[in-house]
Amino acid sequence: MARLTNIQLFCILLVTLAVTPYQVMAKMLAMILAQHGWMAILGSVLPGLLLVWIYYYLLTNSSRPFPGMLEEHLGPVLGKIIGFVYIWAFFLVVVMSLVLFANFFLSNVLPGMPISILLIFIILPAFYALRTGLEATARVVELIVLTAYPLAMLLLLFGLGPETDWSRLLPLGHFDMAALGNGVWLVSSYISLMVVVLTLGPFCHQPRLLWRWMLAVFGMFLFSTLAAVIIPIVAYGPVLTSIQTFPIFNIARATDVANFIHNIEIIMVSVVMPGVFSILAIFWFVTCYSAQQVFGLQDYRILVGPTAIMAGVSAVLLVPNIHFLYIMLQQIFPWIFIILFAILPAFMVPVIWLKLRRRQDSDSKKKAAPPK
Amino acid sequence: MFTALFFLLVALLVAIDVPDLRRQKLNKDLAVYTIFMLAAIYLAMVQFYHWPFFNPLLMAAMRMQSP
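Those protein sequence lines, which keep their order, are chains G and R. One gets my numbering by counting positions in the first sequence from 1 and adding 908 to each. One gets my numbering by counting positions in the second sequence from 1 and adding 17 to each.
Bound-form chain G, shown alone (with noise of 0.2 Å):
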């Protein structure tokens, strides 16, 4: 069984969490809430710690790694039946990842290319790193998160430039609770995408540990998103961040450091592709991995092929273009991961502690019967 360390395990959390609402998370927020988009983040942190609890609940009182711990706790029928709708689920991650990653390209960085050539280029080193195993995939992610992660938050505080105008996040009353309701919603949705620590949690050295490094992926996560929501606002209103495709990217764009620093958008694209191939890798090896639980294959590796040209195909097929691809982000992904990422693993917490509590009574009844 692969080995991750637990320095391994927060990187691959932090990319997992992090990557796609660094990307998208400013424009949708400021399309629902406009300058009080923040506040929704700030508004999370309940539902996130939450969340948090119940992974760290199912990873502890468990002992086979996701979706195994389905047929562990719900029964082997149940449990293959709502497992095989997660390979899906998982699939439908590094489906999502791969367009995002191509329209991100097409609309910025290189339009015009061929999308097929683009889904190659990046399809190709995580088919690689996942032929090699967890261990080459962890090792490259904690490299990629520990160079990437800080380059992307200074390339995010140089969008502080003289154009800055703070008041653009006021008034900090008149907002709709309705709207705040839903951004709560869409960023808790985005925090569930942490239910692969439940897949690869059992993988780590101390996995009692882990609730510690849950909790620091946790926070900064909120760190990054709330400086990607606030800056692309702060520097250039509202309106203006709800209709840009990618306002970061624009932040980049515009970066001038005292004429000395700028044109450092290339710097952002060489951010955000190893970030777009770390949640593509991983997400894709727990699709495989959930698989072979499923079907009880001897090795995940198999399935590698095959998925690497389903995944391509369909991030071609499902998504015809930006403008739907953000209406599923924002509408329709949202719901898929509140409930099965979110709401069967908070059901699967009574279940258990139901069993745990029914297996101390008849213990406790067969010390207390006297000995014949």
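Hint data in this document are derived by calculation from the structure and do not stem from the laboratory.
Some chain G residues close to chain R (C-beta under 8 Å, calculated; not the full set): (1) Phe1203; (2) Leu1211; (3) Ile1217; (4) Met1236; (5) Ile1240.
Beta carbons: idealized from backbone N, C-alpha and C, even for Gly.
Given the structure of chain G, go ahead and fit chain R onto it with the hints provided.
Below, chain R alone, put in the same frame as chain G:
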């Protein structure tokens, strides 16, 4: 041309994966591999030849888009 390249890729993947599975007599693994590969080929054919394809995500997105 693109179809030929695609089937060359499929043949390459099959040549890498299948002999090991057959040597170890992992019949269940081979069956699952075949089903996934057939699904991949079907999706590719849908894309190449514009076969009809039910896309629930796109249908939901079209309903949700503002007029």
